[in-house]
Amino acid sequence: MTARRTNSECLRVSFVSLWLNSSIGHSPQRHREPQRRTKILLSIAALLGLGFLPAVHAQVARPIEDPAIEARMKHLTKELRCLVCQNETLADSQAPLAEDLRREIREQIKAGKSDSEILAYATQRYGDFVLYNPPVKATTYLLWFGPFVLLIGGTALLYRYVKRRRDLIEAEPLTVEERQRAEKLLKEM
Amino acid sequence: MKKLVFVPLALFAVLVAFLLIGLRRDPREVPSPLINKAAPAFQLPQLQDPAKTFSAQDMRGKVWLVNFWGTWCIACREEHPWLVEYAKANAVPIVGVDYKYSSDTSDERAAAIRWLAELGNPYSMTVYDADGRTSIDFGVYGAPETFLIDKQGVIRFKQIGPLTPEVWQNKVLPLVKQLNQ
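Protein sequences, first through last, are from chains L and R.
Using our numbering, read the first sequence as starting at 2 and increasing by one per residue.
Using our numbering, read the second sequence as starting at 83 and increasing by one per residue.
This is chain L alone, in the form it adopts within the complex (with noise of 0.2 angstroms):
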């Protein structure tokens, strides 16, 4: 299901992998027919630039913007997450939907809206989950101040428990015989 749902954009990485994987594979058939493999890795790479195609073309046809929008918008764009390609920001995500939401905020700084403006038309439609920095609220006490709390609990208690062993040592000192004992196995080595 979520395999299915992922989108070409996203999908043509796993392509390239299992062209290559196929290619090294352990076929005998193949290899006896390098001529035929040739021909289908070449052919398979003709479609994968098909695919590419509309993009460049896309690229090409767009007019040249203000450096001062795209620097804004650029900067914007990097704190916000590409929903298709999760693992993307949409400053970088080739997925269509980010270039249409990259259009929808050129257009936005062009009507004036301010980078907090723009940030809450995100959210209000995609949820803190576009913001690669998630704001401090109820929701994110744990994953903004949860690694404090272990870092201050875990010392709070390795100083007790260090703490409890030097009371320990100082509770029990040496007895004159053991201290004699002590001192001519040091002086032995």
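Among the clues, some could well be false.
So the derived label-pair ranges between C-beta atoms look like this [stated by the list, open to error]: (1) Ala183/L / Ile103/R: 39 to 45 angstroms; (2) Ile156/R / Lys114/L: 20 to 26 angstroms; (3) Phe146/L / Asn118/R: 24 to 30 angstroms; (4) Gln251/R / Gln125/L: 27 to 33 angstroms.
Note that these hints are calculated values from the structure, not bench results.
Since this is a predicted model, take the numbers as computed values, not measurements.
Positions of the beta carbon are idealized from the N, C-alpha and C atoms, including for glycine.
With chain L's structure known, arrange chain R on it following the hints.
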């Protein structure tokens, strides 16, 4: 002192519990912030007749579904026969939004009309979102997506991915019944 031995064990158990819950959740399913909020207003040209428009406002006072799809979407093809089947029972009107990304240069409108003619038309109304703006307003990111909207125009439920018969029987139909009361 001896009790402290169980602290790491308890912490480990908590960690395991968190990981187990995490395993059962689909990370691609992002909860929509639009649930229990007013559905975004939209007015779009009808798919078959661009001269006529349809507005979300037209559905005020009705419980209805809005389904975002496109002919480029593989999971939509999987979902389509189910929608045709659900529509036969006439339990709730389904409005289809056929949408297209602006980078897509194909003739989506023609392809969608062909699709409905060939595979059956489950929609009481189909509109065409040529630049994907309405889909963005609904926070659609993984077609097909379906929203259940109540009489006051508030979104009550969202399905990301195909509306399977299980979801239809267990979630959509009971909610429709409840909202229609």
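Quick rundown of the hints versus the structure:
A beta carbon spacing of about 55 angstroms between Ala183/L and Ile103/R contradicts the range 39 to 45 angstroms that was offered as a hint. Remark: the range hint 20 to 26 angstroms for Ile156/R to Lys114/L is contradicted by a beta-carbon distance near 35 angstroms. Range check, Phe146/L to Asn118/R: about 28 angstroms between beta-carbon atoms, so the 24 to 30 angstroms window is met. Between Gln251/R and Gln125/L the C-beta distance comes to about 32 angstroms, which sits within the given range of 27 to 33 angstroms.
The structure does not agree with the numbered hints 1, 2 stated previously, though it agrees with the rest.
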